[in-house]
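Enquirer: Listed here are the chains, written in short residue letters.
There are 2 protein chains.
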Amino acid sequence: MTIGGDAPVSVQSMTSTHTCDVDATIQQIHNLARAGADLVRVAVPGRADTEALRRIIPAVPVPIIADVHFEIQRALEAVEAGAAKIRLNPGTLSDQSKALTVIAACKERGVPIRIGVNEGSAVDRYDAAKRSQHEQLLAGDRRTGLVRIMVDRLAEYVRLFEKQGFSDLVLAAKSPDPLIVIDAYHTLSQTFDYPLHLGVTHAGPPSTGRIRSIAALSALLADGIGDTVRISYAADPVLEVEDAVELLQCLGLRARRKPELIACPTCGRIEVDLLSIVEQVRERLEEIDAPIKVAVMGCVVNGPGEAEGANVALFAGKGKAVICVDGKQVRTVDEAEMLDALMDEVRRYASRG
Amino acid sequence: MTIGGDAPVSVQSMTSTHTCDVDATIQQIHNLARAGADLVRVAVPGRADTEALRRIIPAVPVPIIADVHFEIQRALEAVEAGAAKIRLNPGTLSDQSKALTVIAACKERGVPIRIGVNEGSAVDRYDAAKRSQHEQLLAGDRRTGLVRIMVDRLAEYVRLFEKQGFSDLVLAAKSPDPLIVIDAYHTLSQTFDYPLHLGVTHAGPPSTGRIRSIAALSALLADGIGDTVRISYAADPVLEVEDAVELLQCLGLRARRKPELIACPTCGRIEVDLLSIVEQVRERLEEIDAPIKVAVMGCVVNGPGEAEGANVALFAGKGKAVICVDGKQVRTVDEAEMLDALMDEVRRYASRG
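Taken in order, these protein sequences are the chains called A and B. Residue numbers for the first sequence follow our numbering, so the first one is 27 and each next one is one higher. Residue numbers for the second sequence follow our numbering, so the first one is 27 and each next one is one higher.
Hints are not guaranteed to be accurate.
No copy is singled out in the list; a pair is fine if it fits within one copy or between any two copies.
[To be verified] With a straight-line Cα cutoff of 20 angstroms, these simulated DMTMM-like cross-link-like pairs (lysine to aspartate or glutamate) come out:
hint: 1; residue 1: K319; residue 2: D167
hint: 2; residue 1: K346; residue 2: D366
hint: 3; residue 1: K354; residue 2: E161
hint: 4; residue 1: K354; residue 2: D150
hint: 5; residue 1: K344; residue 2: D47
hint: 6; residue 1: K354; residue 2: E134
hint: 7; residue 1: K156; residue 2: D167
hint: 8; residue 1: K189; residue 2: D370
Source of the hints: derived by calculation from the structure; they are not laboratory data.
Based on the sequences and whatever the hints tell you, model everything.
Expert: Right, dumping it as structure tokens:
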């Protein structure tokens, strides 16, 4: 697969299993792929994990990225084991001679490398002069300082790679703060010509992390920035993939395969228990594998026009319901039959293809 | 309160009670205000609803907007009853002589008017010539056509209002499709100098509507577009307000009053049941009324730097946990005591003010 250029924006996730637990890792990668992940990253903290890659990679339907965090030796092993891409952080790159070995190995095999500088690893921990320079930058406006540090560090690594004639790079500069993410990637897209991997890091559980993640990614994707995305939740990673896929679909960056449900928010004009009807429709639509737009409205008075471009729409009123297809009224039924009637029309519409 | 100009972006919601059910409506408005709504809209389909406004308005802590959908007479009654703002749609404005009466009444009392054209009410239903022109526009690229129709219709109403010397307007052009919303509001912000009310209409239940809504609103707010926002879910409207407030906080458009929880997404390096720890921390943080950034990390190896600017951070490892305050390690405790120790530090930090 291709990241960047004219390729579609791809969805990534990362396994939460121990990679050396081969069966569990393969199972989770299958779950992620089924949810729509185009590529999956796995952590390789130990030798047993890179060894496990040899069994995992042939058994899964998506390319595998090896996430190397501490020991750069793991990157060499992962390349040997057939990883499709390597992710390195500033920590692993601090030993320049080892970094050169990895660059050479990846170049030889055509394996791309992502360099990811997170807010948390932005300040240099190894070089005292740089550290003091970074701390000075943070003493001013913290957000501006962090963006500057992250972009500068990436520029430094990019130079190191380019000097070796290596240009198969993907860049990332993540933070838990959507404002830093938006600012950093705008700067990256103006500074570099490499594909960008978008993400809000450490976003927390979906209940608190979803809005933060979608806010940052949408602001960037809507401006045409971003070639691959990862949403990170402290949760089952399948949820990350589902939300990332939904975001790309919302922004017209990925074709829908399932129905889209729209519903009026209910108001003082309502005459039915719309929330319960919506929930029932949502459940029944799960069986449909077609990108149909279905509307459920709690008010018949405004007529078909209000169904907002829905393919099939249900207008529920007092005891009766009207069903419209492509804006034209096709049936009026009793309330008791409305869900069956709606699903009949949805299935008929879906079978038209 | 002020909408537009340099005023902060405000959060709106709409009651789902029957407005004439005064007690239920007052109760819901209080719930919405407590969740962070700056103003609340109520539907006034009948005479009993505008009458109810006389008892509702003095009993609630936020300005009330009357949503007039069918009979423009309701707008006059709502102004009489003390509504802070009126929302009109193209349908109500089709009778121009009545529209002029409402404009005069609002002008006399200094009541602003929002004109909202939704995708569903974009195509003219009253004027055959306009209808045919609109249908022609839709026959090309549907999204582009819809944006053009919505903006043109708003321009027509704006001229009608301006001819009466009325400029206290707020404009809206909603759709369930985030791409149409993003495009429409970009065009509105280039075309008009009036405050804009942002929203994705008929977004469905939060499970399917949240991403769509946040995606559109974030893309616009991040570009500086939008003066007041409403998220519409087919659900308890308190959820709309909570999500809108969270979005504004994420984008730095509203100050936080509660802790912000960040957490690592877990990976193959993890040694503890982080998801359960995160959930427990989330529950315990509910008692804290201070905008502290709290991090929960499942890996001690990366050290304090990885806590991404958190004020108080917990690093959970095998049997032991490290607690850091502003990036400095302050305590190492046994796993059994780590939540109590974390909360001690959080409370201490909060009390510093």
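Enquirer: A separate judgement is required for each hint: does it hold in the structure or not?
Expert: The hints, checked one at a time:
1. K319 / D167: Cα proximity of K319 and D167: across copies only (17 angstroms, versus 46 angstroms in one copy).
2. K346 / D366: within (13 angstroms within a copy, 57 angstroms between copies)
3. K354 / E161: between (64 angstroms within a copy, 15 angstroms between copies)
4. K354 / D150: This pair counts as between: shortest inter-copy Cα distance 16 angstroms, intra-copy 64 angstroms.
5. K344 / D47: between (57 angstroms within a copy, 19 angstroms between copies)
6. K354 / E134: neither (61 angstroms within a copy, 43 angstroms between copies)
7. K156 / D167: Within one copy only: 18 angstroms inside, 53 angstroms across.
8. K189 / D370: For K189 and D370, the Cα distance exceeds 20 angstroms both inside one copy (63 angstroms) and across copies (51 angstroms).
The structure fails to meet hints 6 and 8 from the earlier list, while all remaining hints are met.
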